[in-house]
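Enquirer: Okay, here's what each chain looks like letter by letter:
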Amino acid sequence: MSKSNVVVSEHETNEATLRAYVSGFVASLVLTLTAYLLVVNHKLTHRLLIAAIVALALTQFLVQLVFFLHLGRETRPRWKLAVFLFMIMVILILVFGSLWIMNNLNYRMTPEQINNYMNSQAGL
Amino acid sequence: MKEADNKNIFGFWVYIMTDCVLFAGLFATYAVLHNNTFGGLTGSQLFSLPNVLVETLALLTSSFTCGLGILSARRNHKKKVLFWFGMTFLLGLVFLSLELTEFRHLVITGNSWRRSGFLSSFFTLVGTHGLHITVGLSWMAIMMLKIWQAGLTRANVRKLTMLSLFWHFLDIIWIFIFTIVYLLGAVGV
Numbered sequence: 421m422s423k424s425n426v427v428v429s430e431h432e433t434n435e436a437t438l439r440a441y442v443s444g445f446v447a448s449l450v451l452t453l454t455a456y457l458l459v460v461n462h463k464l465t466h467r468l469l470i471a472a473i474v475a476l477a478l479t480q481f482l483v484q485l486v487f488f489l490h491l492g493r494e495t496r497p498r499w500k501l502a503v504f505l506f507m508i509m510v511i512l513i514l515v516f517g518s519l520w521i522m523n524n525l526n527y528r529m530t531p532e533q534i535n536n537y538m539n540s541q542a543g544l
Numbered sequence: 004m005k006e007a008d009n010k011n012i013f014g015f016w017v018y019i020m021t022d023c024v025l026f027a028g029l030f031a032t033y034a035v036l037h038n039n040t041f042g043g044l045t046g047s048q049l050f051s052l053p054n055v056l057v058e059t060l061a062l063l064t065s066s067f068t069c070g071l072g073i074l075s076a077r078r079n080h081k082k083k084v085l086f087w088f089g090m091t092f093l094l095g096l097v098f099l100s101l102e103l104t105e106f107r108h109l110v111i112t113g114n115s116w117r118r119s120g121f122l123s124s125f126f127t128l129v130g131t132h133g134l135h136i137t138v139g140l141s142w143m144a145i146m147m148l149k150i151w152q153a154g155l156t157r158a159n160v161r162k163l164t165m166l167s168l169f170w171h172f173l174d175i176i177w178i179f180i181f182t183i184v185y186l187l188g189a190v191g192v
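Taken in order, these protein sequences are the chains called F and D.
Its first residue numbered 421, the first sequence is counted upward by one per residue in the working numbering.
Its first residue numbered 4, the second sequence is counted upward by one per residue in the working numbering.
None of these hints come from the bench; they were simulated from the model.
Any given hint might turn out to be false.
Stated by the list, open to error - The list that follows gives simulated cross-link-like pairs (lysine-lysine, DSBU-like), each with its CA atoms no further than 35 angstroms apart:
1. D/K83 x F/K463
2. D/K162 x D/K81
3. F/K500 x D/K149
4. F/K500 x D/K5
5. F/K500 x D/K83
Said to hold, decoys possible - Quick list of simulated restraints, FRET-style, between CB atoms:
6. D/V138 x F/R528: 52 to 62 angstroms
7. D/L148 x F/R496: 33 to 43 angstroms
8. D/S100 x F/R528: 38 to 48 angstroms
9. F/L501 x D/F41: 42 to 52 angstroms
10. F/F481 x D/W142: 15 to 25 angstroms
Keep in mind the model is a prediction, meaning the values are calculated, not measured.
Backbone N, C-alpha and C fix where the C-beta goes; we use that ideal spot for every residue, glycine too.
Looking at chain F on its own, in the form it has when it is part of the complex (with noise of 0.2 angstroms):
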């Protein structure tokens, strides 16, 4: 490859570069917005508010992860893709279980039980 050919190129990537920063920054700003008007104006119902704040927020976090963090935009391996994966799972599974065990431990403890277990714990 000419040297010319690499500089054209490199020029070709950096204003790609810049697009994408543009186009992130707007959506991000729009996803944003929205969202807080949402909430203030309090249009919606219950459900579809939550339902609607938390697809606007995942999609925002998509947005800046493609046009902020370039992912999925490296070469093959993938390895910043694949840790990326298995930190989501990670998340995921944290996340989740935590509401899970602690729902579920709420749901069959009665206020009565928590009081005895408190009491026979305050020595400790």
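On the provided structure of chain F, position chain D as indicated by the hints.
Expert: The following block gives chain D in isolation, referenced to the frame of chain F:
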């Protein structure tokens, strides 16, 4: 960018992923404890959403200017790099001061981390993010000083790339704090 640099950056990426797991633990704690107010005020009564929106926009814009800074580094424009990272630094400072004002207000009105399980988990989660921002800002100040003195050397550009990854990652964590703590807190789950 040489092969060795890419390996360094990949190592930093692995660190960021483990940091995500740390935050996941704090989010899980918050999710479990967020209704345990011990008779105190709830999130929707405590938080000021307009204030949080300004914080969010400041951090989001700083993530964007940080990206423009990295782009200028690749084009070898030293002055532009210093300008964009200077902007990022200022916006990060705006974010941090707004957050500290919020914390101060909460503590003064008797809603500190000692008040309830909800507030303990709130301060731990949001405070850990704020601590990361503080570290990022100090790192950024040092990098700007180094670039101002030595210019855009290979080592400096490599470190700047890691710093930008770190900064984008903090913005992504904030999306979830904004959504889960503030927006869902205001709606009430």
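Enquirer: Against the structure, test the hints numbered earlier, and report the numbers of the ones violated in rising order.
Expert: Hints 1, 6 are the ones this structure does not satisfy, whereas the remaining hints hold.
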